[in-house]
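Chains as they are written, first to last, in this note's numbering: chain A, 1 to 313; chain B, 1001 to 1485.
Hints were generated in silico from the structure; no laboratory data involved. Warning: the hint list may mix true and false statements.
Here are the simulated SDA-like cross-link-like pairs (lysine to any residue), alpha carbons at most 25 Å apart as the crow flies [to be verified]:
1) B/K1164 - A/T279
2) B/K1288 - A/N144
3) B/K1196 - B/K1256
4) B/K1254 - A/N144
5) B/K1224 - A/K2
6) A/K115 - B/R1136
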Amino acid sequence: MKKLIYISGIVSANLMLLGSIFKVMHWPGANVLLTLAIFIFSFLFLPSALVSDYKSQEEQRYKWLHIVTFLVFFIVFIGALFKIMHWPGAGMFLVIGIPLPFILFLPVYLYQTRKDKKNTSLNFMGIMFGLIFLAVFSVLLSLNVSKSILDTISINIFNNKQLCLSLNDENSSISNDISQKSDELFNYIENIKNEILVASDNKNMNNDSCKIIYNSDDTEISYLILYRKNGIGELSALKTKIADYKNKVLACDKIDDMQRKLVNSLFDVDDNTRNYTETWEQRQFPSNHLIITLDALTRIQTNVRLVENVLND
Amino acid sequence: MYTLNKQQVDTIVADVEMAKITFLHLAEDLIDHICCEVEQEMNQGKSFNEAYEIIKQQTGIKVLQKIQENTRLLIDKNYKLMKTTMKISGLISLAMLGLATVFKIFHWPGAGIGLVLGFFILCVLFFPSAIYVNYRDAKKKGQLILHLSILVGGIAFMAGILFKVQHWPGANILMEIGFIVLLWIFLPILLYVKLKTASDKKEKRIYIIGVIALMVFEISTAFKMFHWPGAFVLMLLGSAMLFWIFLPMFTYRKFKESGKITGQYIFLITTSMFFILFTFLLAMNVSKNVLVTFVNDDSDKLIVAQYYENKNDKLVADFLSQPDSLKTNKESQIIKIQQEAHDLCNFIHDIKIELIQAVENVDSATAIEYLSKTFMINSKDNNDFVTKIMLGKNANGLAISLKEKTETFKMNIHSNIPDNQDINSMVDKLLDTSDKMHDSQIRSWEQINFYNTVIISALQILSDLELKVQLIESESIKTVIHKNI
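Take these sequences, add in the hints, and give me the full structure.
See below:
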């Protein structure tokens, strides 16, 4: 029986590791492995190990500590399973499960072992550091969103590109100073985009599919090109160009108040104004993920085409 | 007067050592005291064994430890204070962190304060007092650096995470310091101390494997943080060593030693499970900052849509104020286009308000306020309600009606302006609601746009549609007005 408990402990930890690796690598079978790991842990290892530990004491002490330990970690791990599998009710499990180790297990542990001087200090350290680890990682997790969200941004880019294409057809018949300036800025941004796409091995960006790139979570390439290229990066040059474009458009004599307001709010390159606490770069490029950068650049292109269309009426 | 011989004294010394009396000269004092007591009993005619039994019953191992504890408390009020501080601050800070996490996940107010306070108490009160207490308990030479290193490394790391969470500058430097100290000072010293106390070669081997595996794992985390290649391979290597070699070996040894399940083992397995769970869950996530890009897209779309709406109204108003002779039969046509675009935009508007109300649980006035200020939405990453409202259970969600209405609008523009190819192809392109290849399978328009989409993205998609409808309205009205003039 004791051997079985030992083995089940190791097996569940290893299944968990395998399941997680499978999950990260998007290999099939990850969910089965994870479910199995958590089931073995919560239904076999945890109860039997705690019972065995309780019974093997010389005096039967810490009854409540054992019961509470089981309840707390049972709820936490089953909650994690629900969350991983996207089963309904995960939210409720999380509300109860995340604070439970700290507001139920820890006080009971401290209370029950308050008079026990043997080895307490060492065990206490172990448990505290384990719980700190748990707390820190829960905090980190709560600040994140699933990576799959990056893929939905490709819909934005797709929509924006369609709009750009239609507006370009619309605008192509007219050629004047504004369209020339707009084309310049548009092509400049298009070049940055191409450079990023080539550097990231995504040369077939211009197809019709909604899903455009495969390494949308890469953060290196855009960082290099936007902030580090030739020492200053593309972004500061782009910012100057946008400011120039804005001034040119605003200086145009046929522009009316409504259009002026539109141009001012679309190409607001100011840093730390009363409206914002961040710089233009921080506002427009909230992270260096490849797809976010492409989205931001495409958005500026779309805005350029929209302004061109508006002014050429 | 009876005097104990060397062998008898050694028995007592061994027993006192068993009690792990490490505090200064207390062990010697205690041995001296016990020897005197035993001699006194033996003077009354008892044998050594009888006399020692009696004394042992009076002063068992526990009593000896109690004496040590009491002596320590008497001598050292600091120690007592530290121990109480450690327990209370640990409890409070961890409870705060746990609750703050839940608050953060559910976007309730007050999460930030809880996090900062929790981390602060952890760094400033718990960590130093815990290390101090542990150091005093161990009281062995050479462990000062061990304790100092984990104090510095731990605090730097904790503070780094707090700074990162709160977006304060300097987070990375703090985390780097924490990493370096833990990796290159704490772990090697830990290994050294463990090797010194290890009883045989096998145990030494287990400790070496364990520490090396931990170091490999830590290095992989550092690689990931600094975006160096190979992080994933190192992480696999580290975790494989930890869970496929160290854990079974360590467990086997513990099992052979005690033959029973210890609390230590349960703790080890539980912590390992958490460790894997969190490490890999984190690897699958990105920072919430990325959601800002949706907010930006949405606000730009809304600005332009607003412009077109005003412009269209002005265009129509100007046209209608013209004398009747110029309007001819275009009046009804223009009003019809305007009316249809208006209806579709209102429908989109209503969908947005319904989504915001469902997600944020606010009244419609607040929802309307959020419409133009999407950054104020708390649960930007909610996707349950979007899927439920937009797709519904049996394909009866709002996205299906939206698709139908968009199609109808498209048809109406076609029939209103049958002779202009430019407009018609633009309408087809912009309002394309056909099925598409997505993730290597054909999926419908509503599936692509709204299945498991987070609300901030859904709002942005709807704003995009709104802008396109207004752009088409503008172009169509212009075409109708300028026709045949």
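Hinted pair A/K115 and B/R1136, Cα distance within 25 Å: holds, 19 Å
Given hint A/K2 paired with B/K1224 - CA-CA distance at most 25 Å: violated, 39 Å
Pair hint outcome, B/K1254 versus A/N144 [Cα-Cα no greater than 25 Å]: violated, 39 Å
Check the hint pairing B/K1196 with B/K1256 against an upper bound of 25 Å on the C-alpha distance. The hint holds at about 21 Å.
Pair hint B/K1288 and A/N144, alpha-carbon separation not exceeding 25 Å: holds, 5 Å
Would you check the hint for B/K1164 and A/T279, treating anything up to 25 Å between C-alpha atoms as holding? holds, 19 Å
Figure legend: structure checked against the earlier numbered hints; hints not met, in rising order: 4, 5.
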